[in-house]
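With the sequences and hints as input, model every part of the structure.
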Amino acid sequence: MKAPDFLSLKPLPWALSLGTHVVFLLAVLWASRVQTINLYDVTLDSASTVPSAPYMPPQEDIWQKPMLRRTVKIALPKPTPPPAQVVSGQGGHGTGTVRSVAEVSQLPQFKTKMEPVYPEGAKRAGIEGVVILQVDIDATGAVMNMSVVQGLGSGCDEAAMEAMKQSTFTPALAGTDPVPVRIRIPYRFKING
Amino acid sequence: MKTFKIAVFLVCLSAWGNLCAQTTAVSPVTLSGQILEKGTKDPVLGGSLYIEASGNTIETVSANADLKGHYQIAVPPGQYHVVVAGEGYKRLTLDSLTVIQAIEKDFFLEKDGFTLPEVVVSTDKAPPTQTSHEALSKEELTEVPGTQEDVLKALQALPGIITAGSLDGQLLVRGSGPGDNQYYVDNIPIGFPYHFGIVSTLDSDFVKGIDFYSGGFGPQYPNSMGGLVDVTQRDGREDRWGFRADVNLFLSEAEIEGPITSDSSLEVAFRRSYLDLFISDFSGSQGDIEVPEFGDYQVKYSWNPSPKVHWDFVAIGSADSVSGSLSASATVAQNDPELAGAFNFNDGYNSQGVNYHDSSDDNNTIASTLYHTNSYFNYSLGGNLYEDTTVEDFGEKFSWVHHFDQDTSLEGGIQYDHFIDSLNAFFFIVPTGSGQQQNLEITTAAKFSSQDTTNSNDFSAYADQSWKAFDKKLELALGARVDYVDSDETLFLTPRASAAYHLSADSTLKASYGYYDEAPDRVVGYPFLDQTLGNPHLAPEQSIASVLGFEQKLDESGLQFRAEGYEKDLSRLIVANPNAIPGLGYLNSGTGTARGLEFFLRQPPTDRFFGWIAYSLSDSQRVDSPGQDQYAFDYDEPNVLTAVGNYKINPGWDAGLKILYDTGHPWTPVTSAAQESVTVNGQTSTIYTPTYAPNNSARLPDYVRLDFSTSIKTVYDTWEWKIYLDIVNLTGAKNVLGYNYNVNYTQTTPVYDLPFLPYLGVEVKY
Chain A
1175 MKAPDFLSLK PLPWALSLGT HVVFLLAVLW ASRVQTINLY DVTLDSASTV
1225 PSAPYMPPQE DIWQKPMLRR TVKIALPKPT PPPAQVVSGQ GGHGTGTVRS
1275 VAEVSQLPQF KTKMEPVYPE GAKRAGIEGV VILQVDIDAT GAVMNMSVVQ
1325 GLGSGCDEAA MEAMKQSTFT PALAGTDPVP VRIRIPYRFK ING
Chain B
14 MKTFKIAVFL VCLSAWGNLC AQTTAVSPVT LSGQILEKGT KDPVLGGSLY
64 IEASGNTIET VSANADLKGH YQIAVPPGQY HVVVAGEGYK RLTLDSLTVI
114 QAIEKDFFLE KDGFTLPEVV VSTDKAPPTQ TSHEALSKEE LTEVPGTQED
164 VLKALQALPG IITAGSLDGQ LLVRGSGPGD NQYYVDNIPI GFPYHFGIVS
214 TLDSDFVKGI DFYSGGFGPQ YPNSMGGLVD VTQRDGREDR WGFRADVNLF
264 LSEAEIEGPI TSDSSLEVAF RRSYLDLFIS DFSGSQGDIE VPEFGDYQVK
314 YSWNPSPKVH WDFVAIGSAD SVSGSLSASA TVAQNDPELA GAFNFNDGYN
364 SQGVNYHDSS DDNNTIASTL YHTNSYFNYS LGGNLYEDTT VEDFGEKFSW
414 VHHFDQDTSL EGGIQYDHFI DSLNAFFFIV PTGSGQQQNL EITTAAKFSS
464 QDTTNSNDFS AYADQSWKAF DKKLELALGA RVDYVDSDET LFLTPRASAA
514 YHLSADSTLK ASYGYYDEAP DRVVGYPFLD QTLGNPHLAP EQSIASVLGF
564 EQKLDESGLQ FRAEGYEKDL SRLIVANPNA IPGLGYLNSG TGTARGLEFF
614 LRQPPTDRFF GWIAYSLSDS QRVDSPGQDQ YAFDYDEPNV LTAVGNYKIN
664 PGWDAGLKIL YDTGHPWTPV TSAAQESVTV NGQTSTIYTP TYAPNNSARL
714 PDYVRLDFST SIKTVYDTWE WKIYLDIVNL TGAKNVLGYN YNVNYTQTTP
764 VYDLPFLPYL GVEVKY
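Just so you know, the protein sequences line up as chains A and B, in that order. Mapped onto the numbering used here, the consecutive letters of the first sequence carry residue numbers 1175 to 1367. Mapped onto the numbering used here, the consecutive letters of the second sequence carry residue numbers 14 to 779.
You may find that some hints are simply not true.
As the list claims (entries may be wrong) - Here are the simulated SDA-like pairs of lysine to any residue, each with C-alpha atoms no more than 20 Å apart in a straight line:
1. B/Lys566 <-> A/Asn1366
2. B/Lys735 <-> B/Phe121
3. B/Lys566 <-> A/Ile1365
4. B/Lys138 <-> A/Glu1294
5. B/Lys460 <-> B/Asp401
6. B/Lys138 <-> A/Glu1302
7. A/Lys1297 <-> B/Pro140
8. B/Lys81 <-> A/Ser1321
Worth flagging that the hints you see were computed from the coordinates, not collected in a lab.
Laid out in C-alpha cells, this is it:
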C-alpha cells in the first residue's frame, strides 16, 4: 500500500495557503466574538420582561443586545446541572405530597400530547438538543408546576413549556390511588440530516 | 456515701447512654452514586430512588437524580428496601441493601419498550423550497438490508438512484455518472469516498445523518451535475469515555470517544480489511491477483464553548491497494496483448478541516471552513503503462446569513480553492463517452508521456435571497453563483431559483430551476486538464435542470408521499477525442438529456418500523459529438423499484427486507470480428478486432434482488454487544451484469452478480 504523498508537498504553497486562511479566520473570529457595550443604554427595568411564576423561562441575555463604545470580551456562562433534589417522605403518603417516580406504581401518561413548533430562530441557528422540563402533576392529571431543568435557549424552552401547558395526563397511581408526582419530560429538538 | 457513689455512677451511665443514643441518631451515612441506562450508561433523565427501612414503612426517603444521573441520600445505618425508577425504564427493586457506612452504588435501568418517553420536535436543515431532498437518520442509514451497514450504500435505495450491481456502492443520480457527485463530510469536500468504488470510507457509527440532494440544490453548494451528499458526523460523548469494536467477515474497526474538557470531546476510529491476512493470493489460468486491502480513519474534535458557537477539527482518510498480474494467455490479453503483465492499483485521500459556526446573534449566522484534501490515484498496467495522479486542494469557505425579519433573509458566501494537480504518466487517453469504453483497445491506442504539475485557483461567490409571501403560503429563493477559474481565465455564472407553495399545512407544491457547471479539475482519476493527456482549455460541463414536485404528509407518524418530475439538459460534456491528439485529449463535444418521474412513499422511524417504497421512471440519452447518433446512457435504467422495510420484533431484535427491481443496463454487442497482426515489445501476434453494434443498442435482462438483514442486541449493565447478519441476494437470483466474449468473439459468457452472500458481524460497545 502506498503511503499518502503528503509530506513531500512543497512548503511554500502550504505556508502561503495556510497562513492566508488562518489570518482570515482569526479576523472573522475576532470580529464576531468581541462585542461593544454602551453602559448608558443598560437599564435595570429590563428585568420586568421576565414572566411571573409559576412559568419561568430563562431571562433574556442582555449581552446579546447591540451595544456601543466600550469593548469587553465576554465569557458566555456555562450551564451547570442542578443539584440533586431530595424529597423527604414523612410517612403515610397523603395525596397532597408530591412523590418521586420511584414512589408510584404507575406513571402518568400523556392524554393529549402537544408537540412544539421548532422555533424559527433555533432552526436558523442550527440549535439542537434536549430541553428537560420538571413537571408536577396532581392527582387529577393536571399540571401544577413546571420548571426548566435543562434549557437550550433560542425559544426552545418557551416552545416546550407552551406545549406542556396545553398537554393533559392520566394521573400517577400508587396502588390504585391517584397521587401527585414529579416527573421530567425531555423535549428533543432535532434537525434532520 | 456508697449510695451517693452508686447514684453518680448511674447518672453518668445514663448520660453516656443518652449521648450514645444521640450520637447514633445524628450520624446518618451517605448512599450516593448514579442512575444510568443499562448498556449505554447514559444518565436516566427522570431517575429517582426511593428507600425504606426493612420492616419499617415509616422511615422512608426518596431522591431525584440530577441531569448526570447523580443521586445522594443520607440515612441511618441499617437494612433498606430500595426501589429505583425512571420514566421509560423498567423499575429496579433491591429487597435488602445493607448501609453501615457511606457507600457509592450505581444503578442500571433497562429500557422498558422501544423508545424513551420523550417528545421529539424535528425539522429539516434544508430550506422549505428545496426540491429533490431527503434527510435520513443514522438509524435508517445503517439498517437498510443488503448494505452491510454502509451509510452511502443505503442511499442507493432512494428514488432517482441507479445501481450497478450489489458490489457497486457508487451513486448514479438522474442520468449522471459516479464522478458527477459531490461528497461533503462536516463541510469538507471529500474527493471519492469509496474503497474501490465498493465500500464507503465512512465509519457508520460516526455519522449523525445525511442530507442527500438528487438535484435542485441552491447556490450555497458548488456546481455538480449529479447528486450532493452532505454527511454530518456526530460529536463524541461528553459524559464519559466509550469504546466500540466491530468485527465482520471483511473488516474490523475500533473507535474510542470521550470528553477532553467539560465542553469538548474527541472521537477516533480506524478500520482495516483483513481478508489479505487470512486468504492467500488467487491464481489461475488468467493470471493471479493479491487479495485487495483497504483501510480508513476518522478523527473529530468538537468544542462547544456555548450553545450557539461550535468549533470542530475533522480528519478523515483512506487507502486502497490491489496488485497482481495478467497472463498472456488470458482471454482479454490475447486480443489486447499489452494488457499482459503486472498491474498495480493504489488510491486514497487524506482530508483535514476546521469548522467554525456562530449564531450568537439571533439575526446573523456565520460559518467558516478551512480545509485541505489530498487525493491520489496511481495505477499501472501490463508492465509498461502507468499513471500517477495527485490532486491537492487547499480551500476556505465562508458564509453569512442575515435575517431581516421572519419572512426575509439573505445569504452570501465566498469560497477559494488552490489546486495543485500532479501527473506522472505513460498512458493512453482514457475514454469517458459512454460508447467509447467498448471500443477501447489498449494495444493499438496511442500512448503519451506526461510529467506535469499545474497550480490553479478557483474563486467563487454566491448570494441567495429568500422571501415568504401571501401569509407565508408562498416561499421563494432566488440566487446565483459566480465561479472564476484562473487556469483558463473562465468566469461563469449559474443562477438558481426555487419555490414552494403550501396548499395546506400538509400539502406543498415545489419547483426549482438552475444552472450547474461542473469544473473538470474536480474529477480525480481523469487528467482532464493535463497539457498532454488532457486539454487545459476544457470548459465546465453544464446541466440546466428543472424540477416540479408535490409533497403530502399523510399522518401524524410522519408518513409522507412525494412525486417529482425532472428534466436535465446536458451540454459541454467532456468526451475523449477519438483522434487522440496530445493537448486535445478531451473535448467539450458531448450533449445529453435526462428526464424522469419519481414517486416516494416513506415512513420515518416509529417505535417499531421504518421503510419506504421508491419508483423511478427515467430516460437518459447522450450524443458524443454533433452529427453522431444518440444512444442510451451507460446507466440508463427506465424502471427502478425499491422497497425497504425494517421491523423491531422486540427492543433488542430487528429484521429487515429490501426488494430491488430494475430494467437491465444497456450494453453494446459485437457483430463481427476480423483478424489482424500487431507487434508488441518486438513480438508479433494475431488478434481479433471486433466490430460493434451501435452504442448501447442492447439491454441486459431485468435485475431482481431480495436482501435480508437482522440483528440481535444483548445489553449488560456497563456494556452491550450485537450480532448482525446481512444477506445479499437471499433467493440466489442469477442477475446478469454483462457478458464476456471468447477470443474470436463468437460466444458470450454471462457475468453474474453476487450469489447468495451472508455477511456476519459482531459489535461490542463499552
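Open item on the list: Against the 20 Å threshold, does the CA-CA distance of A/Lys1297 and B/Pro140 hold or violate the hint?
Closed with: holds, 10 Å
Open item on the list: Holds or violated: B/Lys81 and A/Ser1321, Cα atoms, limit 20 Å.
Closed with: holds, 18 Å
Task: Satisfaction of hint between B/Asp401 and B/Lys460, Cα-Cα up to 20 Å - done: holds, 15 Å
Open item on the list: Can you confirm whether the C-alpha distance between B/Lys138 and A/Glu1294 stays at or below 20 Å?
Closed with: holds, 11 Å
TODO: Take the C-alpha atoms of B/Lys566 and A/Ile1365, compute the straight-line distance between them, and say whether it is at most 20 Å.
DONE: holds, 18 Å
Open item on the list: For a C-alpha distance cap of 20 Å, please report whether B/Lys138 and A/Glu1302 respect it.
Closed with: Status holds; Cα separation ~11 Å.
TODO: Could you grab the alpha-carbon distance between B/Lys735 and B/Phe121 and see if it respects the 20 Å cut-off?
DONE: Judged against 20 Å, a Cα distance of about 19 Å means the pair holds.
Open item on the list: Check whether the Cα positions of B/Lys566 and A/Asn1366 lie no farther apart than 20 Å.
Closed with: holds, 16 Å
The structure fails none of the hints (numbered hints given earlier).
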